[in-house]
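Undergrad: Start from the sequences and build out the full structure, keeping to the hints where you can.
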Amino acid sequence: MECLKFTRSFWLVLLLGMFGACSNDDDPIQLTAPQLNDAEDVTTSGFTISWSEVSGANKYLLDIATDESFANKVEGYDRKEVTGTSAEVDDLEFATLYYIRVYAASNDGQSQPSATKQVTTEALLASPVLNEAEDISSTGFTISWTEVEGADEYLLDIATDEDFNDKIEGYDRKEVDGLSSVVEDLEPGTTYYIRVYAVQGEIESLPSDVASVTTEGEE
Numbered sequence: 194m195e196c197l198k199f200t201r202s203f204w205l206v207l208l209l210g211m212f213g214a215c216s217n218d219d220d221p222i223q224l225t226a227p228q229l230n231d232a233e234d235v236t237t238s239g240f241t242i243s244w245s246e247v248s249g250a251n252k253y254l255l256d257i258a259t260d261e262s263f264a265n266k267v268e269g270y271d272r273k274e275v276t277g278t279s280a281e282v283d284d285l286e287f288a289t290l291y292y293i294r295v296y297a298a299s300n301d302g303q304s305q306p307s308a309t310k311q312v313t314t315e316a317l318l319a320s321p322v323l324n325e326a327e328d329i330s331s332t333g334f335t336i337s338w339t340e341v342e343g344a345d346e347y348l349l350d351i352a353t354d355e356d357f358n359d360k361i362e363g364y365d366r367k368e369v370d371g372l373s374s375v376v377e378d379l380e381p382g383t384t385y386y387i388r389v390y391a392v393q394g395e396i397e398s399l400p401s402d403v404a405s406v407t408t409e410g411e412e
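Quick note on numbering: the sequence shown equals residues 194 to 412 in this note's numbering.
No wet-lab data here; the hints were simulated from the structure.
Cβ atoms here follow ideal geometry from the backbone N, Cα and C, with glycine treated the same way.
Be aware that one or more of the hints could be misleading.
As the list claims (entries may be wrong) - Below, computed lysine-lysine pairings styled on BS3-like, alpha-carbon distance capped at 27 Å: (1) 266 to 310; (2) 273 to 310; (3) 252 to 266; (4) 252 to 273; (5) 367 to 310.
Unchecked claim - Pairwise CB distance ranges, derived in the manner of DEER restraints: (6) 308 to 332: 25 to 35 Å; (7) 331 to 306: 48 to 58 Å; (8) 231 to 305: 13 to 23 Å.
TA: See below:
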């Protein structure tokens, strides 16, 4: 009988046929992280959040928290399952900063989290808008702001630093009934930072944008 000679290629083909080629076809799909969009329809008690669709995902897991590390998650939003690419979030606190992230998920696992987004729910009162300071002298100025509908009074902060850690005496949430305040007894050649809140009963607005003014003269 004639002996058959088999090449190395033959044996390789035989082994692949017996045990199957090295393939990743059966491996779980690696899901990419969704991309969060900016929150929309922001109200005093909620907002709408949406994200990009991820190929291979059949659901998404939504986290919302009041801290950046997500240690304090909002009730009902600890890996909340969502089948679409958006969620309407409600029953939140007004004038509160929330942190949001989302995962793509399938039967085989989940993705890394999206980048975190932030959103602040609206205040029950609108924030005042500061006007430019007037009558600037070496020791003071006059500051005014827009009227807020429903406000009973305003709270005025003036400080020598942008973070308002060093507020000047008498201007740590100083109560003002009107829409302006004459500020006196300041240091010459010094920059002061100003913000104001609207108040209605126990309800308080978010602060106005911060304005700055420098008194005349050299410090």
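Undergrad: Hint by hint, note whether the structure agrees.
TA: Taking the hints in turn, this is what the structure says about them:
1. 266 to 310: Status holds; Cα separation ~14 Å.
2. 273 to 310: Given pair residue 273, residue 310 holds - Cα atoms ~16 Å apart, limit 27 Å.
3. 252 to 266: holds, 20 Å
4. 252 to 273: holds, 10 Å
5. 367 to 310: violated, 34 Å
6. 308 to 332: 25 to 35 Å: Violated: the Cβ-Cβ distance is about 48 Å, outside 25 to 35 Å.
7. 331 to 306: 48 to 58 Å: holds, 54 Å
8. 231 to 305: 13 to 23 Å: Cβ of residue 231 to Cβ of residue 305: about 20 Å, so the range 13 to 23 Å holds.
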